[in-house]
Structures are given as C-alpha cells and as structure tokens.
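Colleague: The primary structure of each chain is shown beneath.
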Amino acid sequence: DAKTTQPTSMDCAEGRAANLPCNHSTISGNEYVYWYRQIHSQGPQYIIHGLKNNETNEMASLIITEDRKSSTLILPHATLRDTAVYYCIVSLRGLTGGGNKLTFGTGTQLKVEL
Amino acid sequence: GAVVSQHPSWVICKSGTSVKIECRSLDFQATTMFWYRQFPKQSLMLMATSNEGSKATYEQGVEKDKFLINHASLTLSTLTVTSAHPEDSSFYICSAQPPQRAMNTEAFFGQGTRLTVV
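Sequence lines, in order, name chains Y and H. In this text, residue positions in the first sequence follow my numbering: the first is 976, and each later residue adds one. In this text, residue positions in the second sequence follow my numbering: the first is 87, and each later residue adds one.
These are calculated hints, taken from the structure and not from any lab test. Please note: incorrect hints may appear among the correct ones.
[Unchecked claim] Each pair of labels, with its calculated beta carbon distance range:
1) Glu-145(H) - Thr-1040(Y): 27 to 35 Å
2) Phe-114(H) - Ala-988(Y): 34 to 42 Å
3) Asn-1005(Y) - Pro-172(H): 40 to 48 Å
4) Ser-140(H) - Thr-1031(Y): 20 to 28 Å
5) Gly-102(H) - Leu-1089(Y): 42 to 50 Å
6) Asn-998(Y) - Ser-140(H): 20 to 28 Å
7) Ile-1014(Y) - Pro-94(H): 14 to 22 Å
8) Val-89(H) - Ser-1016(Y): 12 to 20 Å
9) Pro-1051(Y) - Gly-102(H): 47 to 55 Å
10) Ser-1003(Y) - Gly-102(H): 28 to 36 Å
11) His-93(H) - His-1015(Y): 19 to 27 Å
12) Pro-172(H) - Gly-1004(Y): 42 to 50 Å
[As the list claims (entries may be wrong)] Where chain H lies over chain Y, by a calculated footprint (3+ residues, C-beta under 8 Å):
13) 1014-1022
14) 1079-1085
[To be verified] Calculated pairs, DSS-like style, for lysine-lysine (alpha carbon to alpha carbon, straight line, at most 30 Å):
15) Lys-1076(Y) - Lys-150(H)
16) Lys-127(H) - Lys-1086(Y)
17) Lys-127(H) - Lys-152(H)
18) Lys-1076(Y) - Lys-141(H)
In this text, a Cβ means the ideal position worked out from N, Cα and C, and glycines have one as well.
With the hints as extra help, turn the sequences into a complete structure.
Modeller: See below:
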C-alpha cells in the first residue's frame, strides 16, 4: 500500500471548515484514498473514500488532486465532537471480497475549539 | 451501517493469565477480520488477519503462539492473549468489511478492548 503523510496536528474554530491535507505521492492507479477518524479511546470510524473524483457525503467532502498525489478532507462546519485523530489511508477496495488490511499512519490530531 | 462489536470493552488481568477478546459482525458475514493493537499516543498497528475456517496470518514480529486467533464462524473471531504480561497492556481493535457485493466496502471497527495486565 502506498504511504501517506499528514500534518501531526491542526486546530480549527468551531463552525469553521476544517481542511485536512494528505500526501500520497506513490499511490497506484487502482488504489483508493480512504479517510477514517478515531475519537479518543474508540475504534476508528469511516468517513469517506474516493478514487479520482471528488466525493461528498453527509460527514465530509474529499478533494483529490488531478494527479492523485494528494487529497484534502473537508469538514464543512466543524464541531467540538469532530475533535479526533484523522487518518488518511491508501488501499485497494476490497477486491478480494474479504476486505483489505489497512495501514495506519500517524494521522492528524484535529482539535476543534470554541 | 454495518456493526462490529467487541467484548469486553475493558479488562484487567493478572500477569501470567490469558484473556480472550471477542469480535462479532452483527449484521453481515465476514470471512476475514483484522486485529490491531494500539499503544498510548501511537497509531494502530495490524497484528493479524483472521480467516474463517483457516489459520490466521500474522504480521512480522507478532508471536502467533502468544496471540491466538480463532475464526470459527462467519460472524465471530476471537483473540486470546496468552500468558499476558504488563507489556501486553494495550488497546486491541478488530475490524471487518461487508462482502464485496455490498455497496459499501469500507472497514467497520469494533469499539476496542482496553487490556491492562497487572
């Protein structure tokens, strides 16, 4: 799996957009970009994933650059409950039918403040 | 969305004893489940891949005789930490994915098990 790099930490004011960057310059053509987050002492939670098009769901938006070497997760209106470690992961999309193991990097600690 | 449940959420055990952690997929069948370990202020590290009906696949450096994995059914995988020592104290997390034919193929994680060995 391609390696990802993320900033160690970021701060965001409540109600503002949180933009979390991720570099994955060695991504291969059939690898997806996944984002998960982990609130303290809980299991990771899926947020969003994409291949090359921008994606949006009820939680966030994912912007992937045209060369696919980097992406940005956008939380449009961050709340205190969005304080968590956010992981950007590159992986094949369950092509085996049994799932794929995920390689977690260090992630970005997002702190949302009043 | 799909639900993966772990039990117990936390456990304290004496050094030298064994502890079993269960991981269940509640609303889908999972031929493969994954076990991760997370030490304080560190990221998740994959320990092993649990395969239904066959032996687990362990990551390099993980002792298979110490961390016994059993995936006896399509909805249950267990991790047994044998002869636990204080350095085994950690946060253990499992994950599973619904089958490929489902629309969503993201991984779902259990809530984790906090193991403290005293």
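Colleague: All the hints need checking, so say for each whether the structure fits it.
Modeller: Results of checking the hints against the structure:
1. Hint check: Glu-145(H) to Thr-1040(Y), Cβ distance near 31 Å, so the stated range 27 to 35 Å holds.
2. In this structure the hint that Phe-114(H) and Ala-988(Y) lie 34 to 42 Å apart at CB holds, the actual value being about 39 Å.
3. For the hinted restraint 40 to 48 Å between Asn-1005(Y) and Pro-172(H), the CB-CB distance of approximately 43 Å keeps it satisfied.
4. A hinted range of 20 to 28 Å is violated for the C-beta pair Ser-140(H) and Thr-1031(Y), which are about 39 Å apart.
5. Against the hinted window of 42 to 50 Å, the Cβ-Cβ separation of Gly-102(H) and Leu-1089(Y) comes to about 48 Å, which satisfies the hint.
6. Restraint check, Asn-998(Y) to Ser-140(H): a C-beta distance of roughly 37 Å breaks the suggested window 20 to 28 Å.
7. Taking 14 to 22 Å as the suggested C-beta distance range, the pair Ile-1014(Y) and Pro-94(H) conforms, at roughly 19 Å.
8. For Val-89(H) and Ser-1016(Y), the Cβ-Cβ distance of about 19 Å falls inside the hinted range of 12 to 20 Å, so the restraint holds.
9. Distance hint check: the CB atoms of Pro-1051(Y) and Gly-102(H) are about 51 Å apart, consistent with the given range 47 to 55 Å.
10. In this structure the supplied range 28 to 36 Å is violated for Ser-1003(Y) paired with Gly-102(H), their Cβ-Cβ distance being about 46 Å.
11. For the hinted restraint 19 to 27 Å between His-93(H) and His-1015(Y), the CB-CB distance of approximately 20 Å keeps it satisfied.
12. A beta carbon spacing of about 46 Å between Pro-172(H) and Gly-1004(Y) agrees with the range 42 to 50 Å that was offered as a hint.
13. Remark: the stretch 1014-1022 of chain Y is confirmed as covered by chain H, as 6 of its residues place a Cβ nearer than 8 Å to a Cβ of that chain, reaching the required three.
14. Requiring three or more residues with a Cβ within less than 8 Å of a Cβ of chain H, the coverage given for the stretch 1079-1085 of chain Y holds, as 4 such residues are present.
15. With a C-alpha separation of about 18 Å, the suggested pair Lys-1076(Y) and Lys-150(H) falls inside the 30 Å cut-off, and the hint holds.
16. Restraint check for Lys-127(H) and Lys-1086(Y): satisfied, since their Cα atoms lie roughly 15 Å apart, inside the 30 Å limit.
17. Taken as a hint, the Lys-127(H) and Lys-152(H) pair is honoured in the structure, with Cα atoms around 24 Å apart against an allowance of 30 Å.
18. Between Lys-1076(Y) and Lys-141(H) the CA atoms are separated by roughly 16 Å; this keeps the pair inside 30 Å, and the hint holds.
Hints 4, 6 and 10, counting from the list given before, are not met by this structure.
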